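S.K.: According to full-length UniProt numbering, the stretch in the sequence shown is residues 1 to 778, in order.
Quick caveat, the hints were computed from the structure, so don't treat them as lab data.
Note that this is a predicted model, so its numbers are computed, not measured.
There could be a bad hint or two in this list.
[As the list claims (entries may be wrong)] DEER-style ranges, computed between Cβ atoms: (1) Ser69 to Gly101: 15 to 23 Å; (2) Ser69 to Ser467: 31 to 39 Å; (3) Asn675 to His435: 56 to 64 Å; (4) Ser414 to Ala324: 38 to 46 Å; (5) Tyr138 to Gly193: 30 to 38 Å; (6) Ser662 to Thr350: 47 to 55 Å; (7) Gln346 to Asn434: 20 to 28 Å; (8) Ser623 to Tyr138: 32 to 40 Å; (9) Asp129 to Ser662: 39 to 47 Å; (10) Ala324 to His435: 30 to 38 Å; (11) Asp352 to Pro710: 30 to 38 Å; (12) Ala50 to Thr350: 51 to 59 Å; (13) Pro411 to Gly193: 53 to 61 Å.
Backbone N, C-alpha and C fix where the C-beta goes; we use that ideal spot for every residue, glycine too.
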Amino acid sequence: MPTATPLAERPCANNARPRRTLLSHAWRLATAWLLIVAVGHAPQACAEVAPTPVELEMTSVWVRENLLSATRLPPFSFKYGVANSSTFLRTWARTVQSTPGVLSTQHVVTWTDPAQLLRIRCEIVEYHDHPAVEWTVYFKNIGAADTAICQDILGFDFQLARTNRFEYMLHGIYGDFMTADSYRPYTLTMDPGFTKTFAPYAFSGKSSDGPDGWPYFNLQLPGGGMMMAIGWPGQWACSFTRNGTNGLSIKAGQQLTRMYLKPGEEVRTPLTALLFWRGEDVVRSQNLWRHWYVDHVLPHFDGQPQQAVRQIQVSGYQANNLYAFLVKGIVPDICWRDAGWYPVSQGPYTGDLQWLNTGTWEINRTLYPRGFRAFSDYARSSGSSFLLWFEPERVGSPNSFLGQRPQWLLPATSTTVGDILNLGNPEALDWLINHIDDMINTEGLDWYREDMNGNGPLPAWRNADSSTRQGITENFYVQGHLAFWDELKARHPALRIDSCASGGRRNDLETMRRAVPLVRSDFQFPDMAGVVEGNQCHIYGLSRWLPFHGTGSYLYDPYSFRSFYGACFGMGGLTEENTAAQQQAYAEIKQIGNYMLFGDYYPLTPYSLDNNVWMAWQFNTPSSNQGCVQVFRRQNATSSSITLQLNDLDPNQLYQVKNFDSPTLLSKTGAELMNPGLTVTLPAKGSAVFQYQPQAAAAIVAEDEDEPTPPAALERTAPSKRFRGPILRTSPNPAGGIAQRPPTSTKKRTLPVRPEVEERLKGSKTLKRATATHAQDG
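Turn these sequences into a full structure, and let the hints steer you where they fit.
M.R.: In structure tokens form, the structure reads like this:
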């Protein structure tokens, strides 16, 4: 566990920084603009955080000199036989193919060994609208014999050098481990002699598991920095090692690789993504990251990014549950059916743990004789959508459908809580794709929620490997898992995927490209000590990296339920006692959810789990000149008020500020809100939510909700025979407005299997190849 220094790098936007001129040897940019002058951050006119031309050019030069250069070694490495790639790779036949686009250019660089046995392919995306680049390296046996041993495969292997005037600093957060400390920010100063290796827990295989398991880093260099992310829903490792006085070595890849490849086999490295920034404002760099993430990582549908959502928990059978919310004016975006809907009586787990008896992914018709179709149709007709929970990788019951197919399974270990479905097995992957596809169609699923419990699949992966094939089971498994999701999304373009692995423990970049984490951590239940303040701190830390994250609240006072807000929010149990609290919470998050997702994030106080402090942050959307501020006074904080200096407002604009707890509207200029700031007075264990927007556009018109349809009336109408695709709900205006997806076509289409999926399924006996037809989801 790294030694953490809790911090808010810029608690106020108005703190001027001293001028410093720095030379970044790290990027080796022999150009005039390499001398970076970092000036202090002062209050500025409302201007969206955006990359500068210098930052974009820095990225372009870095790509040319490190990824596309014919003379320099690429920023990855491996050993082949007994030799390191640095000694031979430049002698191999090399080709480069570039495909320019508007927002990015795709480069493919290949190297082929003289024996025509091993081919290496580096797929690169160079972004033009953000100072970012990403790449993945593939190793394929193109010959007729086995390759030599490939080992120590690193998708990122890079050396930096600094000036003597500045020390390297590493900013990041903890991963999730179901505690208040999850997502705690840290800053490490990497003095000479420093070395640190980050990785998920040693027993895990879940990509964001544990205090050292967060696969995202912000390295502050002289005059700027480099943000780095690892995309690998498996066991990765990343080390930072100081070399001598000025050097820093960074190495990242799958944690264990020592394998030969059989003819036709292909393995890959984790995806590596870098985002370059200049200056000294670390908070600005995190917002540059958030912008790139929303544009190029967050899933999009019909050209629009995923919006903030509100959810309720349902049985999947009792429409009256949803109707009870509707008549109270709460229209959830998601009706969520969690675990236990499948046969659970046959297996080793009993009582409250019966849901762990997974492996037969069929509806328990004793409990749900009509299945979920009638309910999902009703949910969509009411303006909502339907989510269903799955956990296909862990096979908890040996008596289940999957439990009876040992050839598809990796045997259980003491920590896996069951066997593991081997997604690297083509037949197992084929069955899973087609089975979940069929359930999406027949039951009308809008959201596919995937969980992964137990301590993780890593020991099962490692046990399956021989000494000359170490890491290959994991590699094929990860490729299969990503291919599974990709094929579901190809067949159902409007399908949403929710990533869960005992909370937020598998949220690497490859996963976030395909899914969103509706639950950021299983640290959410009211009987957990420190859960309220812990979730305040989860918002504080995680918002630096993932714009979309959420959770649910089981507490009904404003101080508590506001501590659980996010881009996804839910509240358990609708009772007369709690109705008013739920109406308030769902109404508030409807107004600020998209600010939290799309706004620039500014911590306004230092991070702390102590009970004698204030916590506050701001989400600002310069494109609309609007935003929100959340404030918490903890129980033992002695001061009854705090003044918060807001960030990046238009100093000449008159803003209307609405306190959700007061009918009185406040009018202040942007200059006043930035300095001296917004003064907030609260009682002990008090909270406040503020929404601000320009005075001229401040009137918010309440939406007219359609009169809800009673479920009995709806159920007299026969449900459709085939699901025609999930409904898309988008709300570009954070204050409201819901646009529903247009009716979809009933035309059938012939669906080809995507090439990368077909490669993983090669040899499968049951794949319905290109002759399979599916309803048009378009």
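S.K.: Each hint: holds or not?
M.R.: Okay, the hints, checked on the actual structure:
Restraint check, Ser69 to Gly101: a C-beta distance of roughly 22 Å satisfies the suggested window 15 to 23 Å. For the pair Ser69 and Ser467, the supplied restraint of 31 to 39 Å holds, since their beta-carbon distance comes to about 36 Å. A hinted range of 56 to 64 Å holds for the C-beta pair Asn675 and His435, which are about 60 Å apart. Between Ser414 and Ala324 the Cβ separation comes to about 44 Å, which falls inside the hinted range of 38 to 46 Å.
The hinted range of 30 to 38 Å is satisfied by Tyr138 and Gly193, whose Cβ atoms lie roughly 36 Å apart. Remark: the range hint 47 to 55 Å for Ser662 to Thr350 is upheld by a beta-carbon distance near 52 Å. A hinted range of 20 to 28 Å holds for the C-beta pair Gln346 and Asn434, which are about 24 Å apart. The supplied range of 32 to 40 Å is met by Ser623 and Tyr138, whose beta-carbon atoms lie about 38 Å from each other.
Hint check: Asp129 to Ser662, Cβ distance near 41 Å, so the stated range 39 to 47 Å holds. Here the CB-CB span from Ala324 to His435 is close to 33 Å, well matched to the stated 30 to 38 Å. In this structure the supplied range 30 to 38 Å holds for Asp352 paired with Pro710, their Cβ-Cβ distance being about 33 Å. Checked against the given bound of 51 to 59 Å, the beta carbons of Ala50 and Thr350, roughly 57 Å apart, stay inside it.
Evaluation of the 53 to 61 Å hint for Pro411 and Gly193 yields a failure: the beta carbon distance comes to about 43 Å.
Checked against the numbered hints given earlier, the structure breaks only hint 13 and satisfies all the rest.
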